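> Here's the letter readout for the chains.
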Amino acid sequence: MSLFTTFFPNVVANHAQFIAAIWQTLYMVLFSGIISGVLGAALGIALVVTEKGQILENRGVYQTLDKIVNIFRSIPFIILLALVVPLTRLIVGTAVGTTAALVPLTLGCAPFYARQIQNALVEVDPGIIEAAQAMGLTPLDIIWRVYLKESIGEIIRVSVVTLISLISLTAMAGAVGAGGLGDIAITLGYNQFENDVTIAATIIILLLVFIIQFIGDFFVKRVTH
Amino acid sequence: MDSKALITLNHIDVTFQQNQQTALHAVKDASLTINKGDIYGIIGDSGAGKSTLVRTINLLQRPTNGDVFVNQQNLTTLSAADLRQARKKIGMIFQHFNLMASRTIEENIVFSIKRSALSKKQQHEKAQQLLAYVGLLDKKDVYPRQLSGGQKQRVAIARALANNPEILISDEATSALDPKTTNTILDLLKRLNSELNLTIVLITHELSVAKKICNKLAVMQHGEILEQNETLRIFTQPQNPETATFITQASAENRVLQQLIGQQTATERLFLLTYEANTANQTLLVDLYQDYQVIPKVIYSTTEMIQGRLITKTLISLTENYPESLIPALQQRGIQIMQQTKEA
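From first to last, the protein sequence lines are chains A and B. Counted from 1, the first sequence has number 85 at position 85 by full-length UniProt numbering; the numbering is strictly sequential. Counted from 1, the second sequence has number 343 at position 343 by full-length UniProt numbering; the numbering is strictly sequential.
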């Protein structure tokens, strides 16, 4: 412990704030991860099945969703944070704080995940989809039992990529008072020259990334044949 | 409508709109009737529209114009839900097998009957029965990746049979397989036809496949059906000259024939005779000598089996002043005769 105190004096001095920042980061990753996971997956599936020649071909729906995804992916996240303040206020009641940050985080992450899911699903052999149609399966069955089942390994892989990029986004959410490890690395580490806080925050984030990657790889191995 | 007819395609047109200006007319006014118990072959070059036409049978491809009747039911007028029910009675197998890599062999078969009235236990029993039928029960727990092409196609056949279909559509199912494996798959299809009274619609660009198992054929070219008839008639007495050309060009002996024809001299005339190798035809050349005093030189002759019948093709040479009346006389005997000239 004394060694830790020697190397990370400011982390020890601000330990309550530091631990709170870890929780804030985890909170943001977890909840915006779940919400954008559901929204992004739905959007990604919709993009795949409504495309020309697909099982629920619908030009209007496809074009609209495709544009929405492109627009949100083009806006730099730090600007998106400020841009969606009115919407955040409408949904959460306030535009400041960890929970409020879930709105821009979701808007930043879901379109990214949608594209990733879309890329994973279009890899499914069209011949298998055709075989399933020839068997008289419903579109919903084809989505669940063919698209999602056949690309499960790829879906896990892109989910890991998305979660890791989401961690980066949460580090910026400090700009709207959401706290978290990114925030503490700037407010303490950068602004007050407490470099050890920045290093500790980096280590925690790297650990988080490694754990996610490890779990992801473990499941990918289990589902691929 | 013919009561024996199981599948009737009525004036089918399929047009693909490439862009605002151009449209691809993949199938043009194609009509055909397939009876119960037929092994009906659709032959033609790649791009002739075979797959597009056959995909209209289960409406994987909706025709731009025309009607599709299966069991006297017009599929084009069915609701989406009714069409799904109708599709369950039409099995389909593909060139690239289209098995799901994420499921075991048994699960691949159960997959197609998951929503049926059968209990889970019955579904697995059914899958195992089918695997035993195609001789792959011992592989039930392996994944498709671990199987050879022929084994994968047998699994695909078992899967296609799971819903007890009346019709099996085979889209180039043997085209990715070696000749020996092709034969085992064709034997299996023949067995399904005779044991389960399954009607088979088979697309192929390989004439040998058509000769081996199809009782009827339709020949397609540029989106049109040139001719449809019994297999033996298509190969021995094609009515359409384009059919005749297609059959010769696609056959293995064509290169040999072309070489021989290229060597003909100015004073000789070559004729290709196609006839059934029966007793009456054994004396064919002697008859020509006796009846017309011509001495035909035999340049080339080959005999093959089509639908269990022996068919001989003989290239003969006559002198330029041959009596022309021998041509209708030979045709009268059921012999197909085509004069051969050097290709320009």
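A few of these clues could be false.
Unchecked claim - Pairs of lysine-lysine, DSS-like flavour, derived with a Cα cap of 27 Å:
hint: 1; chain 1: A; residue 1: K149; chain 2: B; residue 2: K28
hint: 2; chain 1: B; residue 1: K140; chain 2: B; residue 2: K126
hint: 3; chain 1: B; residue 1: K297; chain 2: A; residue 2: K149
hint: 4; chain 1: B; residue 1: K88; chain 2: A; residue 2: K149
hint: 5; chain 1: B; residue 1: K139; chain 2: A; residue 2: K149
hint: 6; chain 1: B; residue 1: K140; chain 2: A; residue 2: K149
hint: 7; chain 1: A; residue 1: K221; chain 2: B; residue 2: K140
hint: 8; chain 1: B; residue 1: K126; chain 2: A; residue 2: K52
What the hints assert, rightly or not - Some chain B residues close to chain A (C-beta under 10 Å, calculated; not the full set):
hint: 9; residue: R55
hint: 10; residue: N58
hint: 11; residue: T64
hint: 12; residue: G66
hint: 13; residue: A80
hint: 14; residue: Q95
hint: 15; residue: M100
hint: 16; residue: R115
hint: 17; residue: L118
hint: 18; residue: R159
Stated by the list, open to error - Listed next, with one range per pair, are the computed distances between beta-carbon atoms:
hint: 19; chain 1: B; residue 1: M338; chain 2: A; residue 2: G53; range: 29 to 39 Å
hint: 20; chain 1: A; residue 1: G53; chain 2: B; residue 2: N164; range: 23 to 33 Å
hint: 21; chain 1: A; residue 1: T224; chain 2: B; residue 2: G149; range: 20 to 30 Å
hint: 22; chain 1: A; residue 1: T224; chain 2: B; residue 2: S301; range: 18 to 28 Å
It should be emphasised that the hints constitute simulated quantities derived from the structure, not laboratory data. Owing to the predicted nature of the structure, the values given are computational and were not obtained by experimental measurement. Where is the CB? At the ideal position from N, CA and C, for every residue including glycine.
> For each hint, tell me whether it holds in the structure or not.
The hints, checked one at a time:
At most 27 Å may separate the alpha-carbon atoms for a hinted pair to count; A:K149 and B:K28 exceed this at roughly 39 Å. For the given pair, B:K140 sits about 12 Å from B:K126 by alpha-carbon distance, which is consistent with the 27 Å threshold. A distance of roughly 67 Å separates the Cα atoms of B:K297 and A:K149; the hinted pair therefore is violated under the 27 Å criterion. A hinted pair counts as satisfied when its Cα atoms are at most 27 Å apart, and B:K88 with A:K149 qualifies at roughly 22 Å.
A hinted pair counts as satisfied when its Cα atoms are at most 27 Å apart, and B:K139 with A:K149 qualifies at roughly 21 Å. Taking the CA atoms of B:K140 and A:K149, the gap is near 19 Å; set against the 27 Å cutoff, the hint holds. A hinted pair counts as satisfied when its Cα atoms are at most 27 Å apart, and A:K221 with B:K140 qualifies at roughly 22 Å. With a CA separation close to 37 Å, the supplied pair B:K126 and A:K52 exceeds the 27 Å bound.
Nearest Cβ of chain A to the Cβ of B:R55: about 9 Å, under the 10 Å cut. The hint holds. Taken as an interface hint, B:N58 checks out: its beta carbon lies about 6 Å from the nearest beta carbon of chain A, inside 10 Å. A least Cβ separation of about 16 Å between B:T64 and chain A goes past the 10 Å threshold, and the interface hint is therefore violated. The interface hint given for B:G66 is broken, as the beta carbon of that residue sits about 20 Å from the closest beta carbon of chain A, more than 10 Å.
Because the closest C-beta pair between B:A80 and chain A is about 9 Å apart, less than 10 Å, the hint holds. With a cut of 10 Å, the hint placing B:Q95 at the interface with chain A holds, because the nearest CB-to-CB distance is about 8 Å. The closest approach between the C-beta of B:M100 and any C-beta of chain A is roughly 6 Å, which is under the 10 Å cut-off, so the hint is satisfied. A cut of 10 Å between beta carbons decides the hint on B:R115: the least distance to chain A is about 7 Å, and the hint holds.
Look at B:L118: its Cβ only gets to about 15 Å from chain A, farther than 10 Å, so that hint breaks. Among the interface hints, the one on B:R159 holds; its C-beta lies about 8 Å from the nearest C-beta in chain A, closer than the 10 Å criterion. In this structure the hint that B:M338 and A:G53 lie 29 to 39 Å apart at CB is violated, the actual value being about 44 Å. In this structure the supplied range 23 to 33 Å holds for A:G53 paired with B:N164, their Cβ-Cβ distance being about 30 Å.
Between A:T224 and B:G149, the C-beta spacing of about 22 Å keeps the proposed range 20 to 30 Å intact. At about 57 Å, the beta-carbon gap between A:T224 and B:S301 misses the expected band of 18 to 28 Å.
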